[in-house]
Amino acid sequence: MKYWKQLILFLLIILLGGCQVDNEDQTKKPSEMNPDELPGVRAFEDEFTRQFLQSTEETRPGYYPFLSGTGKYEMDFPKDGAVGEQGYALKDKDYEGIFIGVDAGEIHSAIRLNYYSTDGKGREDLKLDMINDRVNQELEYDKFTSENSTLYLSYFETEMYYGYAGFLQNETENGGIEIIYQSECVASKEKCETIKAESIDVMREQIVSIQFITKSSERE
Amino acid sequence: MNENLISTNEMRLRLVDLEYKGLNEEDFKRSIKQIYIEEYGTQMNANIVIFQSSTFSKIPDIKDSGYDGTAVHFYSEKEGINELYVISQGTQDMKDWEYNIKAMFAGLDYAQARATNLFTVEVKNRIKTKSELSVIGLSHSLAHNNNTTAHLLHDTFDKVYSVNGAQTNYYQLYYADTDFAEELNKRFTIPTYDQNAIYNLDPTQLQAFATDYYADKADNIHQIISLDDPLYAVSGARGFFTLGEVEYIDTNPDYPGLREIMDDIPDYVVQDFQGLAIQYTLASKEGGVNAAIYDILGADMNLFSEIDGRWSMAKSYFTKQSEWDTMIRNLNDNIPALVSNIQTITSNADVIFGRFQEAGYITGKQKQLLVTEITKIENELLGIQKTIESNVGIRDMGDFYAQLGGDVGSILKIIRHMDAIQESLETLNQEEFLEILHRIAESHSIQEILESISAGNKSYIGTDMVLTASKGKKEIKVNMSAALRMYQKGTGVLQEKEFEIEKFSKAIEMEIMDAYKDERRKVIQKINDMEGNPRLYHNLLAKHGLYPTFTKRITSIRVHEVLYPLEQADLDQELHRLRETVEKARLQIENYRNAIESLFEEDERIGKQFDLIRGL
Chain A
1 MKYWKQLILF LLIILLGGCQ VDNEDQTKKP SEMNPDELPG VRAFEDEFTR QFLQSTEETR
61 PGYYPFLSGT GKYEMDFPKD GAVGEQGYAL KDKDYEGIFI GVDAGEIHSA IRLNYYSTDG
121 KGREDLKLDM INDRVNQELE YDKFTSENST LYLSYFETEM YYGYAGFLQN ETENGGIEII
181 YQSECVASKE KCETIKAESI DVMREQIVSI QFITKSSERE
Chain B
1001 MNENLISTNE MRLRLVDLEY KGLNEEDFKR SIKQIYIEEY GTQMNANIVI FQSSTFSKIP
1061 DIKDSGYDGT AVHFYSEKEG INELYVISQG TQDMKDWEYN IKAMFAGLDY AQARATNLFT
1121 VEVKNRIKTK SELSVIGLSH SLAHNNNTTA HLLHDTFDKV YSVNGAQTNY YQLYYADTDF
1181 AEELNKRFTI PTYDQNAIYN LDPTQLQAFA TDYYADKADN IHQIISLDDP LYAVSGARGF
1241 FTLGEVEYID TNPDYPGLRE IMDDIPDYVV QDFQGLAIQY TLASKEGGVN AAIYDILGAD
1301 MNLFSEIDGR WSMAKSYFTK QSEWDTMIRN LNDNIPALVS NIQTITSNAD VIFGRFQEAG
1361 YITGKQKQLL VTEITKIENE LLGIQKTIES NVGIRDMGDF YAQLGGDVGS ILKIIRHMDA
1421 IQESLETLNQ EEFLEILHRI AESHSIQEIL ESISAGNKSY IGTDMVLTAS KGKKEIKVNM
1481 SAALRMYQKG TGVLQEKEFE IEKFSKAIEM EIMDAYKDER RKVIQKINDM EGNPRLYHNL
1541 LAKHGLYPTF TKRITSIRVH EVLYPLEQAD LDQELHRLRE TVEKARLQIE NYRNAIESLF
1601 EEDERIGKQF DLIRGL
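These protein sequences, in sequence, are chains A and B.
If you count by the working numbering, then the first sequence holds residues 1 to 220, one letter each, in order.
If you count by the working numbering, then the second sequence holds residues 1001 to 1616, one letter each, in order.
Looking at chain A on its own, in the form it has when it is part of the complex (with noise of 0.2 Å):
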C-alpha cells in the first residue's frame, strides 16, 4: 500500500515537473533569459534594470511592463530607460526610491519615483507642498481622478529642464507616489522648438501609465 502511494507521488512529481519546466520557457522572467535573446534597448542591456520588467513584449510601441519593487505599482517603461542600482531603497513593502534615466538620444531625462506605503488619503495638500519643497517652485496641481486613484500634476520648467511634479494617491488603501520627470533637449534650438511638445506628451503618458496594483487586481 504504501510503495503505491510513493510510486504515484514519484510520478506525480516528475510529470508536474516536467510541466513547469515546459511552463518556465513560456513565462521566462528577463532577467532570468539569456542575454542575448533580450531586446537590444539600454532598459534590456541594463542587468539592474532588467529585474523589473516583467516581459520582453512591449506594452506600447517602446515601453515594456516594469513592475516595482514593493510590487504595490506597475507602470510602462521606457526602451531608452535604466534604473540606478546605488541609488535604489528598498524597505519590504513600506518604501521605495527609484531614480531613473532615460536616454532617448536628444531628450535626456532623470525621473524620481518614491513610493510611501502608509501615505493616507486627505493630507494631500501638504504631500504636494513637500514636492513644490523639493522643486523649489510654488506649483499648483490639476486633478485627475481615476477608479482607484487620483493624480495631481503639474508642469514645471527650471533653468536647465522642464517637466513634470506629481503625486498618485491610492483611493482603496494606503498608499502615495511622489514623481518628478525631468527632461532636457540636447539638440539644436529649432529642432528642440518642434521635438519639446512631442517629448511633453511622451513624459504625460509615461506618468499616466503608473498604476497601483490593488489588492483585488493583484496578480499571482
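Hints in this document: simulated from the structure, not taken from any laboratory.
Any given hint might turn out to be false.
Only some residues are given here: those of chain A computed to face chain B with a beta carbon under 10 Å [stated by the list, open to error]:
(1) Ala110
(2) Thr158
(3) Ala197
No more than 20 Å apart at the CA atoms, straight line, and that leaves these computed lysine to any residue pairs for SDA-like [unchecked claim]:
(4) A:Lys93 x B:Leu1541
(5) A:Lys127 x B:Lys1063
(6) A:Lys93 x B:Lys1124
(7) A:Lys121 x B:Leu1541
(8) B:Lys1058 x B:Leu1133
(9) B:Lys1063 x B:Leu1133
(10) A:Lys121 x B:Thr1055
(11) B:Lys1124 x A:Asp133
(12) B:Lys1058 x A:Gly122
(13) B:Lys1413 x B:Phe1433
(14) A:Lys121 x B:Pro1060
(15) A:Lys127 x B:Pro1060
(16) B:Lys1033 x B:Lys1526
(17) B:Lys1489 x B:Ser1390
(18) B:Lys1058 x A:Arg123
(19) B:Lys1029 x B:Asp1155
(20) B:Lys1058 x A:Glu37
(21) B:Lys1186 x A:Val186
(22) B:Lys1159 x B:Leu1133
(23) B:Lys1584 x B:Gln1488
(24) A:Lys143 x A:Glu57
(25) B:Lys1033 x B:Gln1052
(26) A:Lys127 x B:Arg1126
(27) A:Lys28 x A:Glu57
(28) B:Lys1159 x A:Gln86
(29) B:Lys1526 x B:Leu1541
(30) B:Lys1503 x B:Thr1581
(31) A:Lys127 x B:Lys1029
Since the model is a prediction, treat every value here as computed from it, not as a measurement.
The beta carbon of each residue, even a glycine, is placed where N, CA and C say it ideally should be.
Based on the hints, put chain B in the right spot on chain A.
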C-alpha cells in the same frame, strides 16, 4: 524667532535624553520642569503641551512611518513665549534602525526626513497661538540626519541642535532635492540620463559643493560632537558632509578617538566592516551567537546540534528534509557575499587592527587573536562554499541517490565548518572584546557628552546634575538631580501621609463620635415621644393579655434614663503618634536639605530650587 526658554547646551541635551526614556505625557512634563529648575534655578513660566508621534493614531503617514518623536510646546502670552521643540528619535525599533543606518550610509532614502516634516507640520497646525511660533529641532544620532535633511528641504525648523549626529548625505539629497541635483549636474556636467554618474565623481569635490550649496541654511544648524563617538569616526565615509557650527569635545581623554583610524582605511573596507558589524551586533543582541549566525548565513544551528554522526544525520535528513534544503540554499545564497566582506577585512587586517592597537584600544595579543579568528572564519566559509558548489554539481546530475548521498556527506562536512565558526565567534564574544566595544559605544551617548561638560562647580553623572562644594581642602559632590527628586518625592509622600491621617481623624469623628451622638439623640427622642403620647403605646399591654373585657389603659409613661458617656473611644494618642512620625520624617528631609544648602552657602539658588521642586 528666538528660542529663549531652552537656551543652554545642557538643557537641550537633557531634553533630548528625556525622549529616550519612554515617559508618558505627565512624567515628561514634570521632568522638563524639574530639569528647568535645576538648570536655571527658577520656575518655568510657560504652559507645556506634549505631542507624541505614537499617539497620532488617525494619521498613518506619521504613526506607521517608523518615525518616532516628541514635540514640546511652551507657551506664555504674558512672557511672550511661543516655542516648539521637536525631538526626533529617528526610528522606532531595531529593525528600522538597521534599515535606516544602512540606507543612510548609502545615502538612499529620505522617507524619515519627510516623516519628520509631516509630524512637525501636523503639530504646528494643532497649535492655535496667534504670536509667531519658533520651531526648533533637537536630535541625537540618526535623527540629526532626519532633522537636518528636513530642514534643508522643507525649512521645517528655524534652528536645529544636535548631538553626536549622523551627518547629512549628498547622495541622499541628490535624489530628494532636484534643485540641488540640477546645480550639481551643471557644475560637474553630469548627463541627466546617467543614473549612476554621481557615484563616479570625486567625493571631496562633491562634499565641497554640497557644503557650499547649503551654506545659508547651515547658519541655523548647531552640533556637539564627541571626538570619541564611533559615528563621528565613520562620518568621513563618502557621501557625508557636515553642516553648521560644530563644537567638538574630547569625551574620553584616554583614547584618541576612531576618526583618524577610519580615515586611514579605504572606503569600501569601512563599508564592509560596517555592514558586518551592524548585522552581527543587532542579531546577537537579540539571541546570541546562534541568532547572529542564523541572521547572517540563514543556517539554523539547532539543526546541527542533534547530529552526532552519519546515521543520525541521515535520519535528520529524512525527517527534516525541507529544513536542510532551505539551509543549504540559504548558505549558497549568503556565503559568497559574506566571504567577500570578510576577505576585505582579512586582507586589510594589519591596517585595521594595527591602527586600533596603536591607538590603545586593543593590545598586541588581542590584535593577534582577532586576526587569527577572523582568518579562521574566512577559511571555514570558503570550505562551506566549496562543499556546496560540488553538491550543486551532484544535484544537477539528476540522480536521486547520488543527490541524497552527496547531501548527507556534504552536510556533515558543513557541520564541521559551522562548528569551527561557532567556536571562533564564541572566542570573539569574550568579555574583554565586549568591554572594548562597550567603551567605544559609550562615547556615542548623550551622557558622556554631558559628563564632559562642566562649568564652575557644575558637572554631570549620566544626565544627573552634580554640584561640587569645597569645604576646606575637601571637595564634596552632591547629585542635585537625585537630591531634588528625593526631596520632591519625600515631601510628596509626607503630604500624602498627612492627608491620610487627617482623613483618618475625620473618620474617627464621623464613625464613632457622630454615631454615638446620633444614637443618643434617637434614644432621647424616643423617650420624649413615649412620655408625650403614652396612649400610642397601648399595645405594649398586649403581653399582659388583651381581652375585649380588658379595661386597663396606659395613662402615663416615665423613663428613668441613665446615658453613659462614650468610653474607650479616644484615639487622640494614636493620632498624635502618627502625626509625630510625619514630623520626624519631615525633619529628616529638611535636615538633608539644610545640609545641602549649607554646603553651598553662597548660592541662594539652591534653597530656591528645593522650594520650587515642592510645587511640582
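Each hint tested on the structure:
no. : hint                  : result
1   : Ala110                : holds (5 Å)
2   : Thr158                : holds (6 Å)
3   : Ala197                : violated (19 Å)
4   : A:Lys93 x B:Leu1541   : violated (95 Å)
5   : A:Lys127 x B:Lys1063  : holds (16 Å)
6   : A:Lys93 x B:Lys1124   : violated (30 Å)
7   : A:Lys121 x B:Leu1541  : violated (88 Å)
8   : B:Lys1058 x B:Leu1133 : violated (25 Å)
9   : B:Lys1063 x B:Leu1133 : violated (24 Å)
10  : A:Lys121 x B:Thr1055  : holds (19 Å)
11  : B:Lys1124 x A:Asp133  : holds (18 Å)
12  : B:Lys1058 x A:Gly122  : holds (11 Å)
13  : B:Lys1413 x B:Phe1433 : violated (30 Å)
14  : A:Lys121 x B:Pro1060  : holds (9 Å)
15  : A:Lys127 x B:Pro1060  : holds (14 Å)
16  : B:Lys1033 x B:Lys1526 : violated (62 Å)
17  : B:Lys1489 x B:Ser1390 : violated (70 Å)
18  : B:Lys1058 x A:Arg123  : holds (12 Å)
19  : B:Lys1029 x B:Asp1155 : violated (27 Å)
20  : B:Lys1058 x A:Glu37   : violated (50 Å)
21  : B:Lys1186 x A:Val186  : holds (13 Å)
22  : B:Lys1159 x B:Leu1133 : holds (12 Å)
23  : B:Lys1584 x B:Gln1488 : holds (17 Å)
24  : A:Lys143 x A:Glu57    : violated (32 Å)
25  : B:Lys1033 x B:Gln1052 : holds (18 Å)
26  : A:Lys127 x B:Arg1126  : holds (18 Å)
27  : A:Lys28 x A:Glu57     : holds (12 Å)
28  : B:Lys1159 x A:Gln86   : violated (32 Å)
29  : B:Lys1526 x B:Leu1541 : holds (18 Å)
30  : B:Lys1503 x B:Thr1581 : holds (16 Å)
31  : A:Lys127 x B:Lys1029  : violated (32 Å)
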